[in-house]
Amino acid sequence: MISKTIDKYLVDLAEIHRFVMRFFREVFVGPFEFKEIIRQCYEIGVKSLPLISLTGFIIGIVFTKQSRPSLADFGAQAMLPALIAIAVIRALAPLVTALIAAGKVGSQIGAELGSMKVSEQIEAMEVSGTNPFKFLVVSRVVATSIMIPVLVFYTAFVALMGAQMNIAQNEATTITVFFTEVFDAITFRDVFSSLIKSFVFGFTIGIVGCFQGYTSSKGTEGVGRAANWAVVMSMFLIFIEELLIVQILQLIPQ
Amino acid sequence: MKKVKEFIKYDEPVITIRDLYKSFGDLHILRGVDLDLYQGENLVVLGRSGTGKSVLIKIIVGLLQADSGMVEVLGHSLRDISIKDLQALRLKVGFSFQSSALYDSMTVRENLEFPLVRVNRNLTRKEINTAVTTVLEAVDLLQSIDQMPSELSGGQRKRIGIARTLILRPEIMLYDEPTAGLDPITCIEINKLINEVQDRFETSSIIITHDLACAKSVGDRIVMLLDGTFERQGNFDDIFDTDDPRVKPFRDYNFIE
Numbered sequence: 000m001i002s003k004t005i006d007k008y009l010v011d012l013a014e015i016h017r018f019v020m021r022f023f024r025e026v027f028v029g030p031f032e033f034k035e036i037i038r039q040c041y042e043i044g045v046k047s048l049p050l051i052s053l054t055g056f057i058i059g060i061v062f063t064k065q066s067r068p069s070l071a072d073f074g075a076q077a078m079l080p081a082l083i084a085i086a087v088i089r090a091l092a093p094l095v096t097a098l099i100a101a102g103k104v105g106s107q108i109g110a111e112l113g114s115m116k117v118s119e120q121i122e123a124m125e126v127s128g129t130n131p132f133k134f135l136v137v138s139r140v141v142a143t144s145i146m147i148p149v150l151v152f153y154t155a156f157v158a159l160m161g162a163q164m165n166i167a168q169n170e171a172t173t174i175t176v177f178f179t180e181v182f183d184a185i186t187f188r189d190v191f192s193s194l195i196k197s198f199v200f201g202f203t204i205g206i207v208g209c210f211q212g213y214t215s216s217k218g219t220e221g222v223g224r225a226a227n228w229a230v231v232m233s234m235f236l237i238f239i240e241e242l243l244i245v246q247i248l249q250l251i252p253q
Numbered sequence: 000m001k002k003v004k005e006f007i008k009y010d011e012p013v014i015t016i017r018d019l020y021k022s023f024g025d026l027h028i029l030r031g032v033d034l035d036l037y038q039g040e041n042l043v044v045l046g047r048s049g050t051g052k053s054v055l056i057k058i059i060v061g062l063l064q065a066d067s068g069m070v071e072v073l074g075h076s077l078r079d080i081s082i083k084d085l086q087a088l089r090l091k092v093g094f095s096f097q098s099s100a101l102y103d104s105m106t107v108r109e110n111l112e113f114p115l116v117r118v119n120r121n122l123t124r125k126e127i128n129t130a131v132t133t134v135l136e137a138v139d140l141l142q143s144i145d146q147m148p149s150e151l152s153g154g155q156r157k158r159i160g161i162a163r164t165l166i167l168r169p170e171i172m173l174y175d176e177p178t179a180g181l182d183p184i185t186c187i188e189i190n191k192l193i194n195e196v197q198d199r200f201e202t203s204s205i206i207i208t209h210d211l212a213c214a215k216s217v218g219d220r221i222v223m224l225l226d227g228t229f230e231r232q233g234n235f236d237d238i239f240d241t242d243d244p245r246v247k248p249f250r251d252y253n254f255i256e
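Going down the list, the sequences are from chains A and B. Those letters in the first sequence? Residues 0 to 253, by numbering that gives the first Met the number 0. Those letters in the second sequence? Residues 0 to 256, by numbering that gives the first Met the number 0.
Source of the hints: derived by calculation from the structure; they are not laboratory data. Be aware that one or more of the hints could be misleading.
[To be verified] Listed below are the simulated DMTMM-like cross-link pairs for lysine to aspartate or glutamate, each with C-alpha atoms no more than 20 Å apart in a straight line:
(1) A:LYS34 to B:ASP103
(2) B:LYS8 to B:ASP25
(3) B:LYS215 to B:ASP198
(4) A:LYS34 to B:GLU109
[As the list claims (entries may be wrong)] Chain B is nowhere near these chain A residues, computed Cβ spacing over 12 Å in every case:
(5) ARG17
(6) VAL95
(7) PHE134
(8) ILE247
[Claimed, not checked] Have a look at the derived ranges for each label pair, beta carbon to beta carbon:
(9) B:SER149 to A:LEU243: 55 to 65 Å
(10) A:LEU243 to B:ARG17: 51 to 61 Å
(11) B:GLN142 to A:TYR41: 24 to 34 Å
Glycine residues also receive a C-beta, built at the ideal position from the N, C-alpha and C atoms.
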């Protein structure tokens, strides 16, 4: 029993490895599906904007409100913009955006490819001389890798606007002063680490969603499982990657 | 008695299968299958559900791999064929799926254009439109060009599925259960279409079915898959001229006179 479980785990691991390697083999080789990549960027990026905007804005307000009392104990409310800027850029924006995208985009990719597999659409592409991996997988993974970083910086901006609104109400700080303090606090390293993280998160969401959908077993149950596992696995990996990237980036001297 | 078609070349096989075996775990599906498909011929493969009919044609297009045996399509052996050569070979073999397998996020036009523009990226818009119109006229569904697959009936979906394979002008057509789930009138229309495709596009075809009306209508030759091999073959009357309990119920159930 245990041996069978371990065997299955190792087989799954080998399959994931093959899938990821195939992506890297095919991503740089033409013909390129530019039209499909742009369509996927629109699906992933533009259609996530309402959800991301609302979440980002609320995070900005809530984080500001909850940080104020702690800083007020030391009479340091003036540090609020800097604190929020660092927290949002370094950690909150990448993590929150990636988790929301894992739920929205990851499940969508898993379900879409899973149902295409079940209804033989992927096989139909294969027998008509088309490379379904390139059209379906490469285009989606490239799109998530491009769009998640864009969404992360958009979330950061919206969160900062939420924070600014709250600070303007309570501390009467102008928008100019607020953003001057924000940009004084953040460094190139913060932005760079955020960019690296969001790129890795985007790749993870895309490749996990595609893997689950593309390799889903037949039947409607398989489609549901693909969508579900795309979210669970992506979220789990995002936290692990967050931990690893923070550790690695801290090793680089200032 | 079905009229013998003179354009069928019984000395020129386009598909040759010898001693083909395929198992899934302990389930031995194909056990030493031998088969020839001749140029211009409509060959019907009859058999009960789960006997490996669909497995056989999926092996022919390389979607499944045989455990052992020889499969030769248009002179190319599928054993050790490179992915590039297999892709090139697949362009000459049209596959009509049982479920039609239309891309449900695309319109009929986009479904038809999809394989065409990927196979030949230098086509002009005018050439693409002409190709799309030609195959839609062939399946008599030009009016559905801008519809989504979800707006089509089962029979229309089958027709568009066939049109999508025809657009690449294949030499061989493989039909997987072309009349499954359709009403008798639509079945007759699909059978007629299969015969028209044979005449107009000069294709050689394998038609997988357990619908005897379809077999009788489209088959120039019929083979019956029994216990993993083709034990019976010939024309419609030859096949059912037996008291074999594995064969007789087919005819009795379908009430074919």
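Quiz item: Taking 51 to 61 Å as the hint, is the beta-carbon distance of LEU243 (chain A) and ARG17 (chain B) inside that range?
Solution: Since the Cβ atoms of LEU243 (chain A) and ARG17 (chain B) sit about 54 Å apart, the hinted range of 51 to 61 Å holds.
Please verify whether LYS8 (chain B) and ASP25 (chain B) have alpha carbons no more than 20 Å apart.
Roughly 39 Å separates the two Cα atoms, so the pair is violated.
Q) Does VAL95 (chain A) really sit off the interface, with its C-beta more than 12 Å from all C-beta atoms of chain B? A) 29 Å, holds
Are the Cα atoms of LYS215 (chain B) and ASP198 (chain B) separated by 20 Å or less?
With a Cα-Cα distance of about 17 Å, the restraint between LYS215 (chain B) and ASP198 (chain B) holds, given a limit of 20 Å.
Practice item. Please work out if LYS34 (chain A) and ASP103 (chain B) have their alpha carbons no farther apart than 20 Å. Key: 18 Å, holds
**Prompt:** Between SER149 (chain B) and LEU243 (chain A), is the Cβ distance one that fits in 55 to 65 Å?
**Reply:** Since the Cβ atoms of SER149 (chain B) and LEU243 (chain A) sit about 44 Å apart, the hinted range of 55 to 65 Å is violated.
Notebook entry, point to check: Are all C-beta atoms of chain B more than 12 Å from that of ILE247 (chain A)?
Noted result: About 37 Å separates ILE247 (chain A) from the closest Cβ of chain B, which puts it past 12 Å; holds.
| query | Do the alpha carbons of LYS34 (chain A) and GLU109 (chain B) lie within 20 Å of each other, as the hint requires? | reply | Within the cut-off at roughly 13 Å; holds.
Measuring from beta carbon to beta carbon, are GLN142 (chain B) and TYR41 (chain A) in 24 to 34 Å? 30 Å, holds
Quiz prompt | Cβ separation check - PHE134 (chain A) to all of chain B, threshold 12 Å | solution = Label violated. Min Cβ-Cβ 8 Å, cutoff 12 Å.
Exercise for review: Would you assess whether ARG17 (chain A), listed as outside the interface, keeps its beta-carbon beyond 12 Å of every beta-carbon in chain B?
Suggested key: 14 Å, holds
Of the numbered hints listed earlier, those contradicted by the structure are 2, 7, 9.
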